[in-house]
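2 protein chains.
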Amino acid sequence: MIKVIELKRTVTDSNDRDAASLRRELTERGIFLLNLMSAPGSGKTTLLSRTITDLTGKVRIGVMEADIASDVDALSINALGAESIQVHTDGMCHMDAGMTRDGLAELNPKADIVFLENIGNLICPAEFDTGAHRNVMILSLPEGDDKPLKYPYMFQKCDALLITKTDAAPYFDFDLAVAEERVRAINPTIRIFPLSAKTGDGMKDWEDWLIQEWEKQKNA
Amino acid sequence: MIKVIELKRTVTDSNDRDAASLRRELTERGIFLLNLMSAPGSGKTTLLSRTITDLTGKVRIGVMEADIASDVDALSINALGAESIQVHTDGMCHMDAGMTRDGLAELNPKADIVFLENIGNLICPAEFDTGAHRNVMILSLPEGDDKPLKYPYMFQKCDALLITKTDAAPYFDFDLAVAEERVRAINPTIRIFPLSAKTGDGMKDWEDWLIQEWEKQKNA
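Protein sequences appear in the order of chains A and B. Anchor point for the first sequence: position 120 equals 120 in the numbering used here, and the numbering is continuous, going up by one each time. Heads up, the numbering used here is the position in the second sequence plus 1000, with the first residue counted as 1.
Hints are supplied without guarantee of correctness; some may be wrong.
[As the list claims (entries may be wrong)] List of simulated lysine to aspartate or glutamate pairs, EDC-like, C-alpha gap at most 20 Å: (1) A:K58 x A:D112; (2) B:K1198 x A:D173; (3) B:K1157 x A:D90.
[Stated by the list, open to error] If the Cβ cut is set under 7 Å, some of the chain A residues that face chain B in the computed set are: (4) P40; (5) A69; (6) V72; (7) C124; (8) E143; (9) L149; (10) K150; (11) G200.
[Said to hold, decoys possible] Stretch by stretch, here's where chain B covers chain A in the computed footprint (C-beta under 8 Å, at least three residues): (12) 108-121; (13) 151-157.
None of these hints come from the bench; they were simulated from the model. Source: prediction; values computed, not measured. A virtual CB, placed ideally from N, CA and C, is assigned to each residue, including glycine.
Isolated chain A, as found in the complex (with noise of 0.2 Å):
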């Protein structure tokens, strides 16, 4: 027997108003936006490059690069000639929608569908509705496959789950089937896609399904 303390809960968010209107202006101004979220290291950077390099002259895809410091990640992906931004939280652990729109406001993108990818962190992000029109989180397999039980608000709050990095599996004593398990009693409606962005394998289906949600919201 374990014995659990429980310690009161002292977030909250008052962002959800601010979230839902830059929402319809996203969509009014044909703007797809989507909230890439993950802990520190499962490769955010690495999967929206070969997603833009797969989808060139598909689709037009901008990326706003949220982090507490550091540019390396907009430097990465401005090389590959997509439109880009990076913004600094100064130490805060989210984006909210506020930070959102002002990082937006900057970039003015023109493109189709933007990126914004989120603090690398598994709690803070899940509990700010930043505008997007999807939420995907990113997991990667090194992490291990009982990171739904530990972070569950996060896989709650997603639309698609990309199990990353899968080329590596001979090393890693992750369970693919059990990961999906544990992830679909807490969010039976997510979409689950494993994929190793460095060689390539099950890229497709998930730019399948990107491509198809934003087709999807523009023909609303």
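Keeping the supplied structure of chain A fixed, place chain B upon it in accordance with the hints.
Only chain B this time, still in chain A's reference frame:
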């Protein structure tokens, strides 16, 4: 040229006094508290399990597992026969000194060394003094050698850095020399221990440091 937008910081910490007083009390009780921080999935529990096993008979180790949900980590630690307790933060992204005090009161450890396994997060835990005598962080090799650039506060705050999962080196582009250089630019005095809790490589250097710091504290 990347345009960088600086957003304002809203996080404040008011628990420094609580932390200092908890640290004094623990010192008087002969308990050496270590705050162990990392991203989700970097292997905190695996590292602790191996450390507890290796040091059996030399020192009594207790563990307070903090998590936003689940008790999978405390179950693993408990199976090793170590004193352990699970603390839930109800979605909160870090532990502060008050929460640490509440958890320790329940654990009521007879241990010489107590680890606080903090919430998996490279941002928020760095901002709150828990009352621990030392701060230790893990960076696992799959997370990438750019993390010191992206999460500088965490690297700045720690006394020791464990670079883990070195056994998976063939699968990842992680340059140990580059990582160390980036860390030392932020924190010149940090101790760095590359290791694999799976194979045992490098564990002894970390454990020797742990024992040495504990003895330093005891004889202070």
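Earlier hints that do not hold, by number: 11
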